[in-house]
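Engineer: For the protein sequence lines, the chains are C and H, in the order given. Per the numbering used here, the very first residue in the first sequence carries number 1; after that it's consecutive. Per the numbering used here, the very first residue in the second sequence carries number 519; after that it's consecutive.
Keep in mind that the hints were calculated from the coordinates and are not lab data. If a hint is listed, it holds; no wrong ones were tucked in.
Mimicking BS3-like on lysine-lysine, the simulated pairs with C-alpha atoms at most 27 Å apart in a straight line are: (1) C:K65 x H:K550; (2) C:K303 x C:K317; (3) C:K277 x H:K754; (4) H:K754 x C:K412; (5) C:K30 x H:K559; (6) C:K41 x H:K685; (7) H:K559 x C:K167; (8) C:K32 x H:K559.
Protein chains: 2
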Amino acid sequence: MSELLRNAVGRLVPNVINGERHVPFQGVGKYKPESGKHSTKISRFADYPSDGNKQVANLREALIKSGLRDGMTISSHHHFRNGDIIMNMVFDIVKELGVKDLRWFPSASFPCHSYLTKYLEDGTINRIEGSMNGPLGKFTSEGKMKGTAVLRSHGGRYQAIQDGDVKIDITIIVAGTADSFGNANGVNGTSASGLLGFALGDSQYANKVIVVTDNVVPFPCVPWQIQGNYVDYTVKVEKVGEPEKIISGTTKITKSPDRLLLAEMTAKFCDAAGIIKEGFSFQAGAGGTALAVGKYFGDIMRKRNIKARFARGGSNKYLVSMLEEGLIEYILDGQTFDLDGVRSMRDNQNHVWTSPFTSYNYHAKGNFAGMVDVVILGATEVDVNFNGNVCTHSDGQLLHGIGGWQNCLFSKTVILPLPLFRNRIPVIIDEVTTLVGPGELIDVIVTERGIAINPLRADLIEAVKGSGLPIRTIHELKAEAEAICGVPKKPVFEDRIIAAIKWVDGTVIDVVRKVKNY
Amino acid sequence: MSELLRNAVGRLVPNVINGERHVPFQGVGKYKPESGKHSTKISRFADYPSDGNKQVANLREALIKSGLRDGMTISSHHHFRNGDIIMNMVFDIVKELGVKDLRWFPSASFPCHSYLTKYLEDGTINRIEGSMNGPLGKFTSEGKMKGTAVLRSHGGRYQAIQDGDVKIDITIIVAGTADSFGNANGVNGTSASGLLGFALGDSQYANKVIVVTDNVVPFPCVPWQIQGNYVDYTVKVEKVGEPEKIISGTTKITKSPDRLLLAEMTAKFCDAAGIIKEGFSFQAGAGGTALAVGKYFGDIMRKRNIKARFARGGSNKYLVSMLEEGLIEYILDGQTFDLDGVRSMRDNQNHVWTSPFTSYNYHAKGNFAGMVDVVILGATEVDVNFNGNVCTHSDGQLLHGIGGWQNCLFSKTVILPLPLFRNRIPVIIDEVTTLVGPGELIDVIVTERGIAINPLRADLIEAVKGSGLPIRTIHELKAEAEAICGVPKKPVFEDRIIAAIKWVDGTVIDVVRKVKNY
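Looking at chain C on its own, in the form it has when it is part of the complex (with noise of 0.2 Å):
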């Protein structure tokens, strides 16, 4: 029986979704889980081919072979993004076999996927547990789903791997390149996509692995950035995605007169609080405000004449030129947006593949994330309590997945430089719609009309005393904006939960309920 528990930051979660047993979130770095990792079963050489070719004829036969059957856990990995092809026929091929109730476990969806509504609505798949970008959320949103979505960090979804909070049955890993044993990469072929690092966990902790390719080549495949040791079958396709929207090509500076003046602020406070020095290390995203924070760091670095050890990927050709120039002597990645990227990563020795292992597992021993100088990130609100939130709108919808955010959250130093209000919606509330990030973590909020320190950084409200920056409480940001736009509405929810928020130890920090009147 399933009961509301009032969690660390407040929220009330259920402590059973689909059946199963989750712990409300008790504070940043409390829960101690007490159970090992996940013990998969023990392979042996001779049950599969002795000359290594695991090949089968076609998807279909591999899913057969791998024991395909109801209430299985299908896991798979986004690095094609809205350019994925297979997933839409993996389910088509298990409509066919007439197979129901499936979970399916990807590390994000995305408009593509939106085929496979048919087979939410039809009990082809129960639910989906993974990121869901656009029409499957608005979907979830409307209390469509039969199963509860479930949204995982990118680290989150590697600890709940790891640690066995979701079994996979089985995982079908999709890869520009590619030999027969099931070495493969992203970095060669026609739909190389730079890397295959969300799909680690599930190589290696998946019951069944299936690698589908268009590129084969002879053993061996390097790199391997999946090792054909965790392979049961691999399969040639004609085509694994559409490669102009696997690399999105998009990725530009913003032009936005407002969004340049938030990323030259954000910059200014970095360089006023003493970020920018020597050896330093960065990680911004590819958002066009992100980009252009990149931009105004190199200006900076080439006047003062200082490199970086390292920053953060997500690469585009922004932070390619960078490493390229020598202003950032490596860039540890985990997913590239552009063709430079992949270029880099697969020529450039200090253009060096992570994971969300190595970068974001809050369930090793420490991870990236906590060496990195400054983070930059997004939101779709903040409340006055610094509380972050990405995954749903101010209309209460459910449109957006959490990526690496809650991961990022444990760098040196946060900063989220977002405009006061959207559409004359106030972006800084009294109170998030949905908590993706306790406050605790979330240092700076750089908005267009000031720049608001949180009270635990008695650090950096100190350092950047006197630098003439326009420094404010986050009280003073949010009254300015109702000044202008008006208290905003609180959406209306029905009791029904629709998705409950991981954190990145596997707790439950929040739930989203359906949206009142759909």
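Since the structure of chain C is already known, use the hints to place chain H on it.
Structural biologist: Then chain H, alone, in the frame of chain C:
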């Protein structure tokens, strides 16, 4: 209570060793473990320094913080070979702290570790489970070690760790270069050893992981052959090893006319059997004869304009020059034997590092060994059933480890070039003293007086018909040796079992007993 049971190759082996249950060998590919892989404890980011700096003052502090106490298992790796100085230091500290009764679980030990005999005598170390090259093997053969040694192949060691057959409490990883987070590699620094693959399983599964280096670089240490996310403590020391002994620098092609003849016959056999063809693959070791085989392969390949898809290392300057000449597309390397190997691995993306997991683990979904067309190995003895011995000498003394030898037996064709006799003692006998590899996996014995093909390989017998090569039966070769040297005396053993020999799947294939008259 331990019982002696007759295993599938007719050897009497105990089912309890050092108080723990072991399974007798059941035949190649027969044993099916029912448990899952070792479930290690879940670690937490919150329990490690949030800035990633895990460096502690010294090795002593690292061992104390790791909870060192009586009866624990301490593991180490042998990339520094006879130039290792750290493990002697570790056990000096253990002794000082008054800790007793440890199991030392190295991937191999060398003459430099004979320093530790005093700790084996006084009970600081109960036993060594790992290859013992030279003096420690002799010490064990003399019945002086308190516990029973357990010898495993490189792949078998990974299997034992992965499956939880051996639970490591503390592992010591010694690296040429590392950062304070614990990312480490063997390709940089004054004590570069090439790679750290033998420590991979230890890093993944040990309860506490200590990285020791004399070359600390700022995060990130790239490449990270060992991932800091598995590491508990890092230690900086003045010097991690004797560089001149780490890389032996002595890999030279044999000048012995007898050995050159063996090598040439081996290459001719491979050529006649159709093994040397476009895209083939091979593995020869680092011994003088094996190096010469590589040279003869090169001659044939040049003459016929053939390119190998890959060669497996141990690498050395000869293999590297073949890679650079374009005769080989990839070196898949497990161990670098000279500085050319280290340089090539560091700088050439086609010189790829492997691990016992990728290359040899029998309890994975296949491994690389099965994909190698031909492997050239050594042996101390073979018998008329093609069974091989690499651990004991004809006098019964345990002087060598298994290395990757057992694992390589799964390659497509296994050839042993052996002199018909050594010091007037025949190498082919009725029954090997210690059965390390079952004859069904050994295909060809090349001697200076003829080549014996395993009758199971009718295809090879057929292929070399009419080649003019001196094909003989193994009985003919044995008779010829005995006609010259006489029938060799068998060593005499006492009942006491001093070592168990594991098969690649963790079962016990044979034991070694105390040699009589010690």
